[in-house]
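Trainee: Sequence:
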Amino acid sequence: MGTTSRILWLDTVESTNSALAAQVFSLDNLSVIAARFQTAGRGQGDHRWHSRAGENLTFSALLCYGPLTAPLAAADALVITHTASLALRRFLAGQGIPARIKWHNDIYVGDRKIAGMLIENKLDGAMITRSIVGIGLNVNQTEFPADLPNPTSLALQTGKRYDVEQTLDAFLPYLREAFEQSCTPEGRVVLREEFEKYLFYKV
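Numbering (numbering that gives the first Met the number 0), first residue to last: 0 to 202.
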């Protein structure tokens, strides 16, 4: 249920969420499509995700819910938000970066945004069977467009440069762990409580 099936790296793609959606029924759980450059990255609503080519992580992961997991109703879709945001927060904590979750799809370090998510679910009736979790994580970029008022990155936070592909490899065990928690009612309670603990407005 938990192991990553594969990572497909693409040089350029409009949107990793769209690329994964085109293959969603042929991919295994926790499959990942990542792009070195995303030309039309999407955020919530009409927002767009800016990322300099080769500098950051832009990728989408497939989470599958079904016979081997507790059922996940569309009304409980926040479970997936808890899963993805906590995977990011835990990964960043492992890098020595204290992060919080800004409701409900952004990850902040202090008052600066380091990551964002776009989650798109596939339904069978009232049940979620597959979820596409798109993530943009600023890794090595240190200069941003002026109309992005508050970005930061791993490099800005730590003063180090990162291998982008190795950074994705390091993140995925955190996603797998959080996903496995999301597969049981007890794990979902743990995720919700941790999510609420690390909300941006709480100190």
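Just so you know, the hints here were simulated from the structure itself, not pulled from any lab data. Please note that the accuracy of each hint is not assured.
Said to hold, decoys possible - With a cut-off of at most 30 Å between alpha-carbon atoms, the simulated DSS-like pairs for lysine-lysine come out as follows:
| id | residue 1 | residue 2 |
| --- | --- | --- |
| 1 | Lys121 | Lys159 |
| 2 | Lys101 | Lys196 |
| 3 | Lys101 | Lys112 |
Claimed, not checked - Have a look at the derived ranges for each label pair, beta carbon to beta carbon:
| id | residue 1 | residue 2 | range |
| --- | --- | --- | --- |
| 4 | Pro70 | Pro172 | 21 to 31 Å |
| 5 | Glu179 | Ala76 | 14 to 24 Å |
| 6 | Ala72 | Leu147 | 17 to 27 Å |
| 7 | Glu185 | Lys121 | 41 to 51 Å |
We put the CB at the ideal spot given by N, CA and C, even for glycine.
Trainee: Now tell me, hint by hint, if it's right for this structure.
Mentor: Hints, verified against the model:
no. : hint                         : result
1   : Lys121 to Lys159             : violated, 38 Å
2   : Lys101 to Lys196             : holds, 12 Å
3   : Lys101 to Lys112             : holds, 9 Å
4   : Pro70 to Pro172: 21 to 31 Å  : holds, 25 Å
5   : Glu179 to Ala76: 14 to 24 Å  : holds, 18 Å
6   : Ala72 to Leu147: 17 to 27 Å  : violated, 36 Å
7   : Glu185 to Lys121: 41 to 51 Å : violated, 25 Å
The structure fails hints 1, 6 and 7 (numbered hints given earlier, in ascending order).
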